[in-house]
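Colleague: Here is what each chain is made of, one letter per residue.
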Amino acid sequence: MRTGAVLRPSDVDSLREAVRQQPRVWPRGAGTKTALAPPEGAVVVEVSQLRGVLDYDPAEFTFTALAGTPVREVEELLGRHGQYLPFDPPLSAAGATLGGTLASGLSGPGRYRYGGVRDFVLGVRFVDGRGELVRAGGKVVKNAAGFDLAKLMAGSLGRLGVVVELSFKVFPAPRARASLRVDRPGFEAAWGLLRALYTSSFDLEAVDLVPPGTVWVRVAGRPESLPTRVQRLRAFLQGGEVVEGDSGIWEEVREFRWVPSGWTLVKVPVTPRRVLDLERELLPTASLRRYSAGGNVAWVAWPEEPAALSDLLERLDLRGLRVLGPPGLPFLGRVDSDGFSSRVKQALDPVGRFGPYP
Amino acid sequence: MLHEIPVDRYGAVGRRMARAVEACVHCGFCLAACPTYRVLGEEMDSPRGRIFLMKEVLEGHLEPQEAAPFVDRCLGCFGCVTACPSGVAYGELLTPYREYASAKVSRSWPDRLLRWLTMETLPYPGRLRAALRLARLVRPAAPYLPARLRAMVSLVPDRLSRQRGTASTVAPAGARRARVAVLVGCVQRVLHPEIHEATVRVLARNGVEVVVPDDQGCCGALAMHVGEGARARQLARRNLSAFPDDVDAVITDAAGCGSAMKEYGFLFAGQPEEEQARKLAARVRDVSEFLDGLGIEAPPPLLAPARAVYQDACHLLHAQGVRDAPRRLLGTVGNLEVVEPAEAELCCGSAGTYSLEHPDVAAELGRRKARGLLAADPDVVVTGNVGCMVQIRAHLRAAGRPVPVLHTVQVLDLAYRGQGFPRLA
Amino acid sequence: MTEAVDRARVLQGLRALYPEGRILTRPAELAAYESDALTAFRARPLAVVLPETREEVVATVRWCHRHGVPFVARGSGTSLSGGSLPVPEGIVIALNRLNRILRLDPEERIAVVEPGVVNLDVSRAAAPFGLYYAPDPSSQPVCTIGGNVAFNSGGAHCLKYGMTSNHVLALEVVLADGEVVRFGGESLEGVGPDLVGLFVGSEGLFGIALEVTLRLVPKPEAYRTVLAAYRSLEAAGDAVAQVVASGLLPGAVEIMDRLSIEAAEAAVHAGYPEDAAALLLVELEGEEPEVEAELVELLEVVRASGAYEVRLARDEADRQRIWKGRKGAFSAVGRLSPDYLVQDGVVPRTRLGIALAEIERLSRKYGLRVANVFHAGDGNLHPLILYDGRQPGQLQRAEELAGEILRLCIRLGGSITGEHGVGMEKRQYLAEMFSEQDLEVMRRLRRAMDPGEIANRGKMFPVPQQLEAAAAS
Ligand SMILES: Cc1cc2nc3c(=O)[nH]c(=O)nc-3n(C[C@H](O)[C@H](O)[C@H](O)COP(=O)(O)OP(=O)(O)OC[C@H]3O[C@@H](n4cnc5c(N)ncnc54)[C@H](O)[C@@H]3O)c2cc1C
Ligand code: SF4
Ligand code: SF4
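Chains as they are written, first to last, in our numbering: chain U, 588 to 945; chain X, 993 to 1417; chain D, 23 to 495.
The following block holds chain U by itself, in its conformation from the complex (with noise of 0.2 Å):
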C-alpha cells in the first residue's frame, strides 16, 4: 500500500490484519491534533470505525467504550447522568476521540483538581506491533493486577500500540459553578497568585494564568455553598471579577481557540516556579501564552515552524509536545533517551512497526 493510505478497518479482526500486513502503520482517531502526523511511509489505520460506548452503569461510574468513540459523544451521554470526565478533554468539540485523547496524552484546564486523562484510564485493549490483540488494566475502578498498559498507553502517540477499547473511571459532575477573573498589573503578581493558590486549600477546579496578568480560577460544587466558597476566595485573592456559570470561557479554552489558525500549539510541562522563567523567553518572541493546571502545563503558540522553540525549551531543559498547526517531529526540545522506553518499545513493538521512538 501506498504511502499517504488509509485504512479504516471496521472491526479489530481486520484492524489487527491491518497492523500484521503493513510495514509501518500510524494509527489515528479524528485527526484532531493536526501537529501530529504519520512518519514517513506509514500507512494510516484510522479507529473512526469503532466507534460506541460498550458499558456504561451510571451507578456504576465507570465506562468501557471503543477507541474511535468521539470524546463528546460520551459527555453527553455522561451528562445525562449528572457525571462527566473531569479533566476536560481537550478538543472534544472539534470531534476528537477516546482513543486520540489518551495516545496523545492531554487534558483541559480541569486536570488541576482530580488528575489528567492517564489518572482516570482504567483498562485498555490494544493490537501491540506483532498484531495481537492485548488487554491491560480493567473495568473497575481499583485494580493492581498485572502491569498497568493502560497508563502506559497515555502519550504513547500510537507508537506501542493501536488502542481499540478503553475503559475509564467518571465521576458526578457539580451542581454549580463559578469562575473568576482577577488581573494584576504585571506578569510576576500574576505569577505570585497563582502560586500562593497553589499551596493553599481552596479546592478549585481549574486555575490558569494568561500573560500579561490574568488568573482564571474555576470554582465548582453545590450551589448552596458556592457563594461562600466564591466569597472567600475572592477575598484570598483581593477582588476578582465573577463569571457565572461555565459560559464559554472554558470552552474557549479547551477547543485552543485561542490559537490563531495555522500556528502551531506546542504543550509544555513545567512547574510552577519554573513559569516565570519560560515566560521571561518568551516574552520577547512573537508567541501566545496560557498557563494551565496551577503553572503545571505551558501551553505555546507559536506563529511559524518552531525551531526556535525548540532551541529555547532545551536552554530550559524543558520538553514539548507539538499538538495543532503544521506537522513535524512531535518532540520540541530536550531530547530525553532513557533505556526504559527503548526497550519498552522493543517489547510490545519489536518490528517497529509503528514507526522508530521520535
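Keep in mind that the hints are not guaranteed to be accurate.
Unchecked claim - Restraint-style ranges between C-beta atoms, simulated for each label pair:
no.: 1; chain 1: D; residue 1: Glu421; chain 2: X; residue 2: Arg1315; range: 39 to 45 Å
no.: 2; chain 1: D; residue 1: Arg386; chain 2: X; residue 2: Arg1099; range: 51 to 57 Å
no.: 3; chain 1: X; residue 1: Gly1079; chain 2: D; residue 2: Pro473; range: 45 to 51 Å
no.: 4; chain 1: X; residue 1: Arg1099; chain 2: D; residue 2: Pro128; range: 47 to 53 Å
no.: 5; chain 1: U; residue 1: Arg819; chain 2: X; residue 2: Arg1409; range: 49 to 55 Å
no.: 6; chain 1: D; residue 1: Pro128; chain 2: X; residue 2: Arg1230; range: 57 to 63 Å
no.: 7; chain 1: X; residue 1: Leu1124; chain 2: D; residue 2: Pro150; range: 43 to 49 Å
no.: 8; chain 1: X; residue 1: Gly1079; chain 2: U; residue 2: Arg667; range: 51 to 57 Å
no.: 9; chain 1: U; residue 1: Gly835; chain 2: D; residue 2: Arg333; range: 44 to 50 Å
Claimed, not checked - In silico negatives: residues of chain D with every beta carbon more than 12 Å from chain U:
no.: 10; residue: Ala62
no.: 11; residue: His89
no.: 12; residue: Ala147
no.: 13; residue: Pro295
no.: 14; residue: Ala326
no.: 15; residue: Gly389
no.: 16; residue: Gly411
no.: 17; residue: Leu417
no.: 18; residue: Gln418
FYI, nobody ran anything at the bench for these hints, they're computed from the structure.
Where is the CB? At the ideal position from N, CA and C, for every residue including glycine.
We have chain U; now place chains X and D with the ligands onto it with these hints.
Modeller: Below, chains X and D with the ligands alone, put in the same frame as chain U:
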C-alpha cells in the same frame, strides 16, 4: 503466627510465651515504635524479628546463642506493646525467654564481668554506695577502659548525696484521705533520694498517710530484664513480706520499678508465692496514676511562666499504660505550659542497665531524644523515671543545653512550695 | 542460572561490596527475613545486604546480573501477598537504611525521597507546610515508599485522589541488568508515554526504585467523619452504592463487619457501636462550607439506607481514634485467630451487597470465619479468612475459600487485587483474569528489563503448572 513450640517443655510460662507468638500476625506495625529498629534498620532488631527468633529458638530450630545478640539488644521498653493492634503481650514472651536462654548462652568475659558488677551492686544500696566511691577513684583512668566500663563510669555522679534517713510513717496534712506504702527501691535511693522525698511530701500534702516499710529492697526489675529470674524472685520475695496489706496502694515513683512490681504475679507463675505476689501486684500504682485518681489540690501558679516538655517514661507509658495522668497533674500547675516532644513514644536509651551493656545504641537514642526534646525549646524536661532522667540529663548536657530534668512529682512539689525550677547547670 | 549457586562464591562476591555488619549471613539474621506479612510463605535467602547508598544498590544489582543471582528488594516486609518473600537461591536487598527525604519543596509541592522512607514520614515532614502525601495504606506508619511503588498501594483515602500511581511524578530506577534510568518529571503533566505509570505497580519485576519524586497535596480545610451502624453486612454494602449514587464524592468510604469491629475496638477503644453487624465509615473532606453542605445530604442518604445509629466524629482526636481503629483492624484480627489470609479482590461497587452475601455463604460452607474490613467506596474487598494452621487441613481449606472469593470477584467483573499485588499468593489467578496473550506481552516487557529474570523471580507470573490448571478450570 503459626508455631511448633513444645509448650509443656517450658513449664508454667510455656503457654503464655506461645500465646504471645500466636497473637503476632507478623504485620510489622510495631517496627516504627521500636527504638533499636529505628537506629539499626534491620529486621532482627525489631519486635517482629525478635518474636520470630524467640519462636525459632523455643521450637528448637535455632540455637539460643544465635538469637542472643538481638534479644539482648532489646531495651524492654515495650514501645511495641503500645503499637501492636493484635495485643501481643511481648513482655510475657521476653522475660521468661530471657530467663530460659540465659543459661544456654555463653558470653564473653567482659560481658560477664559487667553483668556481674551491675547485678551484684545496683540492687543493693550499701554495695552500690561503696562501688560508686570506688568508681570515682578509677574515673581518671576512664579513657583507657573498654567502652562499656567507660559508659558505666561516666554515669557516676560527681557528688554522692549523704545517706539520709527515711521516716517510716508520714502523717497526712489535714484529714486522711488514703493510706499508702511507698517503695524506695535501690538505685534511686542512693543516687536521687530527692525524688522520693518529693513523692512523700506531695502525697502527704494531699491528705495521704505514707508508710515506708523498713525491710523492703530492690524490686528485682534489673535482674528480671536481663533474664536473671532467680535473682529477681529472691529480691522480690523480700518485698512480698515487707509490704503491708492494709494500705490502699503501694506507690512507686520509678516507672521501671512500678512495672516490675505490677508483674510480680507473672514472675512467680507456678511458684508457691504466686497468689501473694498477685495480690501485691494488684495494689501497685505509679505515683502519678494514684494522685490523678485521688484528685489533687491545685498548686499555686509558678511565679514566672515556664514551658515544660513531658517525656513519657517507657515503663510508665508502654508497660503500665499510664499516659494521661501525669499530663493532667502537670496541667494543674498554673503558668506552666506543657508541650509534647517529637518522637515522644521512643525510648531515650536508658532502660535499666541497657546503657551500660549497649552503649552505642543507647547513645544514639540519647542523642535523638535530646534533639527531639530541645526542638520544643523547653525550660524544663519532665519525666517519670529516674533512669530516664539520668540519661536525658547526660545527653542534654552533651548537646550543650543542660535544661533541668525533673520528675513529675518534683514539679508538683516545687509548685506547692512556691519555688522555681533549678537554674540551668 | 546454574543448578546450585555456589553459596560460598556468592558470599565472597558480596563481601567485596559490603563491609562486615551490612551483609547478613548468620542463621538468626536470615531467619528474620524469611517472611513478609504473609507468613504462610517462608524462604531463607543466601544473604541479606543492607545498602546505605544508591551506588551500593546499583553495584549489588550489577553483581547479581553478572552472576545470575536472583534478588528481592525489600522495604518493611508488610506485603500481604508474599511480594517480599526471599528466593532461596538469591539474596535480599533490604532498603531500610535508604531512608532519607532528599528534598522537600513545599512551593512546588514535591518531595524527593529514597525508597526506604516510610510512607507516614513523608506526611510528617510535609505537615509544617500544610501539605501531606495522600495515599494512606493502613500500614502507613511502617510501609515504605519503595514497597508502595512496587504495588501501587492504596488506602482508605484513595477514592478521590487515587492511589500511589497518581502521586508519583518521577523515578530513578536501576533495572535488573544494572542500567540506571530516570523517567517522569516534576510537573503534574508530561509528554511521551507514561513510563512512571508503567513502573508503579510492576511488583519489583523490572528493577529497584532508587529515588522517588512524590506529589504532595494541601491538607483539606475540614473533615466530617460519619459512622453509621447497620444490622447486616449486606445492608452496609448496599448503602455504599447509595452514597456513591447520590453524587457525593467522599474522601473515604469504608466498611467493617462485626468481627473486625470487635477486634479493632479491643485494640484501640475507638467507640464503635459494638452491637452493629456492620459499620459504614464515610469521611468528607474539603472546604468548610462545602463539606458542611455535603454533610446534610450524606446524613440523609445514610439514614435512608437503613442505618440504625449514626454518629459524627466529635473532634480531631475522636476522628484520629476512629481511623486508628480502622487502620489497625487487620492486625487486630490477630486477637481473634492465630492465622488468617487477607484477600484483596475488587468488585463493581453496585455488586458489593451480592459479593458480601456470597462471601458469607462461602464462609459457612467452608466452616471458616471471615472478617471483612475494606475500602468499600472502591469496591475493594478485604475478606480476612480466619484459620488455625495447627488444625490439619485448615490452611488448605482457607486457601480454597480464598480462591473461590477471587473467582467470585472475576466473575462479577472485578479484579483479583486492588492494592496488595499478585505477589506469590495470587499468581495462579492472574491467568484467570488475563489471557495467555496478555500475559505474554507482560512477560516480554519483563524480559526486556530483566533478561535473566533475577528481579523478584517467581512472583506475579503464573508458573507453568498453574497455567495448565487455569486452562483446565
Ligand atoms: C496490617 C496491614 C495493612 C495493610 N494495609 C494496606 C492498605 O490499606 N493498602 C495497601 O495498598 N496495602 C496495604 N498493606 C500491604 C502493604 O503494606 C503494602 O503492600 C506496602 O506497600 C508494602 O510496603 P513495604 O515497604 O512493606 O514493602 P515490602 O513488603 O518489603 O515489599 C513489597 C514489594 O515491593 C518490592 N519493593 C520494595 N521496595 C522496592 C523498591 N525500592 N523498588 C522496587 N521494588 C521494591 C518488594 O520486592 C516486594 O515485591 C497492608 C499490610 C499490612 C500488614
Ligand atoms: S505489631 Fe504486633 S502483631 Fe504486628 S508484628 Fe508487631 S508484635 Fe506482631
Ligand atoms: S521492647 Fe522496645 S526495644 Fe524491645 S522490641 Fe519492643 S520496642 Fe523494640
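Colleague: Now tell me, hint by hint, if it's right for this structure.
Modeller: So, going through the hints one by one against the coordinates:
1. D:Glu421 with X:Arg1315: 39 to 45 Å: 41 Å, holds
2. D:Arg386 with X:Arg1099: 51 to 57 Å: Distance hint for Arg386 (chain D), Arg1099 (chain X) holds at roughly 55 Å.
3. X:Gly1079 with D:Pro473: 45 to 51 Å: 48 Å, holds
4. X:Arg1099 with D:Pro128: 47 to 53 Å: 51 Å, holds
5. U:Arg819 with X:Arg1409: 49 to 55 Å: 52 Å, holds
6. D:Pro128 with X:Arg1230: 57 to 63 Å: 60 Å, holds
7. X:Leu1124 with D:Pro150: 43 to 49 Å: Distance hint for Leu1124 (chain X), Pro150 (chain D) holds at roughly 45 Å.
8. X:Gly1079 with U:Arg667: 51 to 57 Å: Hint holds: Cβ distance 52 Å, inside 51 to 57 Å.
9. U:Gly835 with D:Arg333: 44 to 50 Å: 45 Å, holds
10. Ala62: 20 Å, holds
11. His89: The claim stands: His89 (chain D) keeps its Cβ more than 12 Å from every Cβ of chain U (closest is about 21 Å).
12. Ala147: Ala147 (chain D) clear of chain U: closest Cβ-Cβ about 15 Å, beyond 12 Å.
13. Pro295: Non-interface label stands for Pro295 (chain D): nearest chain U Cβ at 28 Å, farther than 12 Å.
14. Ala326: 16 Å, holds
15. Gly389: Given a closest Cβ separation of 29 Å, the condition holds.
16. Gly411: Answer for Gly411 (chain D): holds, closest chain U Cβ roughly 27 Å.
17. Leu417: 23 Å, holds
18. Gln418: Nearest chain U Cβ is 24 Å from Gln418 (chain D), so the label holds.
Checked against the numbered hints listed earlier, the structure breaks none of them; every hint is satisfied.
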